[in-house]
Each structure stands twice: as structure tokens, then as C-alpha cells.
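2 protein chains.
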Amino acid sequence: MLQDKNPSKTDLSQLGEFGLIESLTKDIIINNASTLKGIGDDAAVLNFANQNTLISTDLLIEGIHFDLAYFPLKHLGYKSAIVNFSDIYAMNGKPTQLIVGLAVSNRFPLEALQEIYDGIKLACNIYKVDLIGGDTTSSRSGLILAPTVVGKVTPGKEVYRSGAQPGDLIVVTGDLGAAYMGLLVLQRENETFKANPQHQPDLTPYAYVVERQLKPEARKDIPPLLKKLNIQPGAMIDISDGLSSEIMHITRQSGVGAIIYANKIPIDPQTVLTAEEFNISELTAALNGGEDYELLFTIKQKDYDKIKHRKEFAVIGHITEEKGNYLITPANEKLQLKAQGWNALKT
Amino acid sequence: MLQDKNPSKTDLSQLGEFGLIESLTKDIIINNASTLKGIGDDAAVLNFANQNTLISTDLLIEGIHFDLAYFPLKHLGYKSAIVNFSDIYAMNGKPTQLIVGLAVSNRFPLEALQEIYDGIKLACNIYKVDLIGGDTTSSRSGLILAPTVVGKVTPGKEVYRSGAQPGDLIVVTGDLGAAYMGLLVLQRENETFKANPQHQPDLTPYAYVVERQLKPEARKDIPPLLKKLNIQPGAMIDISDGLSSEIMHITRQSGVGAIIYANKIPIDPQTVLTAEEFNISELTAALNGGEDYELLFTIKQKDYDKIKHRKEFAVIGHITEEKGNYLITPANEKLQLKAQGWNALKT
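Quick note, the sequences are listed as chains A and B, same order. Start counting at 1 in the first sequence, then tack on 35, and there's your number in the numbering used here. Start counting at 1 in the second sequence, then tack on 35, and there's your number in the numbering used here.
Isolated chain A, as found in the complex (with noise of 0.2 Å):
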């Protein structure tokens, strides 16, 4: 997939800092107009004209958010600039330009570097973001990427989480619970191998939930694919931690309550397997698992027609006047959503 292993290693306290810069960001493309100056100066120059400017970012820490033994340097980099990238189609943006800072121990060698370089510029080309920029700096322990997203969206376009009404429908895109399934497959062949380093393992029926921990996508196509079916969410959030947090976001922000049902929760077959096979339910995987960057939003009942024929929706609920989060069993019981999502300062 992304694998590129590089057996040669490169010092970089002998690189120097222009040397180093120089290996990481010489065949970086420009796509937008709207970056006048990327990298190499103090700051980088973006002209927006008549859009709004988006902003935000997310870290991604070793230790907490990602293990080295499971997770390749070139994955971690595509995956630092996708769970960015996602919170601009949250806003119902576009990203358009990353700035990436970065902390590496200085036992990593320059090709390790340019593997988490070479992920990010995938990511970046894949979804036209310019990398604009960043600061590379040594870390005493433990490998640190700190991304953030610049992104554009039309004035009067942006969605906010706070904007669900009563009654509107609960829509999320894709399938939930893939990514964490995933992680535990790696957790658990990570443990294998440590117990049996000459074990080998076979990710093969794991292939889909593996590759949604390890290579995740933003939902790039649901922005515009919203605008052509003439839709205006009324909120809207990506899924990071898990369904029942991202709704809680959603309902506390816009000041009413929601139902969910277990069973329109799209859940992929393989996930179901894994979560069998890990004695978990599938249900705990998708409200509390995390990491899917799926897009999760509301829109009017008048609305439905639109997207009920749509492949990349499933209309999961809706919003109540009431405030409070529930799930609907397949039994037909009614249970409070909790936010047990993946809540990185308890780890």
C-alpha cells in the first residue's frame, strides 16, 4: 500500500537545518491560487479573496494516538494531514493549504523523516492542499506531528455544529466502528509478534478495518456532492471519537436532544466479523471506537427525498426538542448515549 522501506540512514545533526528542509520539501506542488508564498520564509502569504478562511488542528502524539511498532512513518504522515483535512469537510469547506510541525527524536535518521514527509505530500496531492510551511524540531522522546489546516468555504456556507433543529434528520456518511475494529487487529498481532518474533501474521481478512486505522480518507466528496443535491446541513461534525460524542457536540451546541437507532447505523460486514471475533459488540465499535472521519449532520425532513437513494448517506435519527441523547436497541429499548469516546486525556 503506502510501505516504502528505506534501508539507508542518514544523521540529521549532520544535515544541518537547510540541508534538511531542503530534502523535505523540494518537489512540493502548488495547487491553489490562493497560496502566494509557501514555503521559506517566516510565515506563509494566502489570499482568499471573497472566501472565508477555515483553520483548525489536531495532534497526533506517539504513544497515545499511534504505536510505531503497528503504524508505518508513511501511513502516519497521510493519516496526520487526512484527520485534519477532515475537520475542514466538517465545516463544509474545502482544505487548501497545510502547515506542519513536527518533533522527532534525533536517533531518526533523514529517511525516516522523509517517509512521514512523503505521506503527507501524498495526502496533500491526492486532496490538492499545498503544504505551506511548518517547523521541524528534535523531541526528547517520542515522535510528534502537529499539523494545521487551512481551508476555504463560501460566506453564508460554513456549518457549524450548533445549527440542528427539532425534527431534522441524523445523516452520516460511510460505515462506523471500522478503524477501532482495525486498531485491535493490530494491537493484537503487535502482541503475537512480540511474544513470537518470527510469527507472520495474515491481515488479509482484516484488510478493509486495517486499512480505515492505518489509511484513512476525509469525505472530500460530500461538500460538493451536498451543494449538487441542493442540501444546506443544518449542523455538521466529523466522527474522531465516536458516534455518541460527535452527537453530544451536535445536540449540546444546538440546544436539543437527539434519538439514534442501532439498527441504521451503517456498520461494514467485515467490522461485524472482527468485533464477533474480539467478543465486542459491533454497536460499541461504532459509538465509542473513533477515527472513522466519517461526516455526521442534520438535515430538513424536506430534505429526505434528495438523499435517500444516495449510497454515501444513512439517516441514522433525528433531533428532539427534548434534550437528551438516546439509542433505540434492536430490542426497541431506550438507552442514554454516553460519551465514551476515545477520550485522549485518560489514556
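The hints are simulated quantities; they were obtained by calculation from the structure and are not laboratory data. For glycine and all other residues, C-beta sits at the position ideal for the given N, C-alpha and C. Accuracy of the hints is not assured; some may be wrong.
As the list claims (entries may be wrong) - Only part of the chain B face toward chain A is listed, based on derived beta-carbon distances under 8 Å:
1) Asn87
2) Leu94
3) Asp153
Claimed, not checked - No farther apart than 30 Å at their CA atoms in a straight line, the calculated lysine-lysine pairs in the DSSO-like style are these:
4) Lys335(B) with Lys72(A)
5) Lys72(B) with Lys373(A)
6) Lys255(B) with Lys373(B)
Model the placement of chain B on the given structure of chain A, informed by the hints.
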């Protein structure tokens, strides 16, 4: 100064995500019309109308850029904002928004995070910058501050590193080398304290150099002053890594050389005295110490009269057509400048 010792300790893991964000962001003031939406959504929303947008990031990593043994958390928050603002002034712009990535050990109590945020918010209030978002997560080891600053500049008024021309004068603001001497004082006091915890340091004789290290300021006065004086610099950069390395950035990107005069470099008397005490040359501190956050820029000779009586500026040399960067010593020797600046990747 900024010290704010608070004995109470609130466990982050008990607080939850909502509680933490609320606690850190409750008293944030928005000063800029360009901030349409700050903290609280997937991304902040900005509008710069007819201005160009500037963006930059500078990381501060525990054990590399600071040591918590002598760096109070509130100062650290303040400094993390200042070093980022400085990059925007170095473009001849004005910082307008800040977004802060923060990774802390979950052993940190809430009050420690609040101190960091108090420092960030103080800097934002003084510099009229809006704190518009961020990502706070845990870290396995060590504190990481990853702010990204956004600013604005009138199109055409940006000053790049690449605009220096032969014959231009080289100008610096303020004085150099003090922040580095402050660092040496703090490190020495810390060693003394470790050897003898009863030791009460008297930092009075070092007040200025220590303040330059612990509470630096960015030169927000310079872009408006240059405008008032009707000076458009050819090239400009902020002095974060030491004068030598910054001059080399300008000459390399401008395809020129430079000659600077040791006896023209502005150095505070306290820096000189402290350097003597540490038995190092104050010139070394000025050339290679870094963290002064003064501005270095070039102007046309015809503009000399506009600045010659201004206390903010010192002319330290000139740009040459012939490449190479040289220092003329007080003994009239011509030495080649080397970038021995503080290179984070070499630590």
C-alpha cells in the same frame, strides 16, 4: 511578574473534554473583525477581506526548548505565543489569530494547564490576537506547545527574506544576546539549586537577561513604525536562532553576501557583564545565542536618514554583491560568519 502559584490540583481525567475546554477558554476575548467564529467547532472561521493572510508555526518542546525546572508555566504559555507572533511581524504583518496545539502529561493537574493558557491569553490580550481554537491532548512524556499564528498584511507590503540587494544597509532592532545569557543564568541557578535545595537565588543583577529569556516580547511596534517612516524593507526576518544564522537566511535567499561590524551590534550592558562572568564573548551570545525575537532587515541607503536618530534601530552592516557572510572584528579582522545558531536538531 507572571508568577501565579496555585496550590489546588484538579485531576484532568475527572474533568472530561467539555469541562476542560470550558475551563480553559471561558474568558477569551475576540479583538479582530476578521474572526467570525473562534473556539468551539471543527474549525475556526476567518475573513480577511482585502488583506493577505499570513500563517506560521513554531513548536516549543520540553527538554529541547525549555526546562520546567526553571520555566514557569505561565511564562511558557506567554513565550509560545510571542515566538509565533514574531514571525508575523517579520513579514511586516500583524498577528490576528492564534490556534494552540497542546500535549501534556495526564499527571498535569488542570491548574497547570490553566497557567499555560493564562500566559497564552495574556499574550493574546496584549498583542490583540484572538485565541480561536486548538487541540489539547495527553502526552506520554513531556510538555509540547504547538501554536499556529495567523496574521494579515496589506497585499504588496509583505517583506520576504529574499529581497535584499547589494548596497542595502543591514538593520537590527533592540539589542541581542540577552536571552541567551538569561538562559545560562537560569541553568546555573538550577544546578546550584539541585546541589543545595536551600539555595535562594538572587536574580536581581540578571533581571534584564532573565526576563529576555523567560518573558520575551515581539516587536509589534516595528511594522507600524516602518510604515510611518515610509520605509519598505527589502528583506526581513526575526532573530530566533541568532544573528549569524538569520543573516545567512537572508543572503542565501537573496543571492547576495553581507558584511557586519562587531562594534555596531547592539548589546545591553547587562549582557556584557553576564557574559564576562560566564567567561564567554558577548559577541558569541549575540551572533549565535538566539531567542532575542528582534527583527533583522535591510533598507535602501537613501532611507538611512529616516532611521538614523531612532533608538529602535542599529545599522550593523551592509549587503554585498559578492556572496559570503563576514564579520569585521574590533581589531579589523574579517571573519567568515558561521551558522552556529541554536539548532534544535543537534541537541
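Checking against the hints above, which ones are violated?
Violated hint: only 3; rest satisfied.
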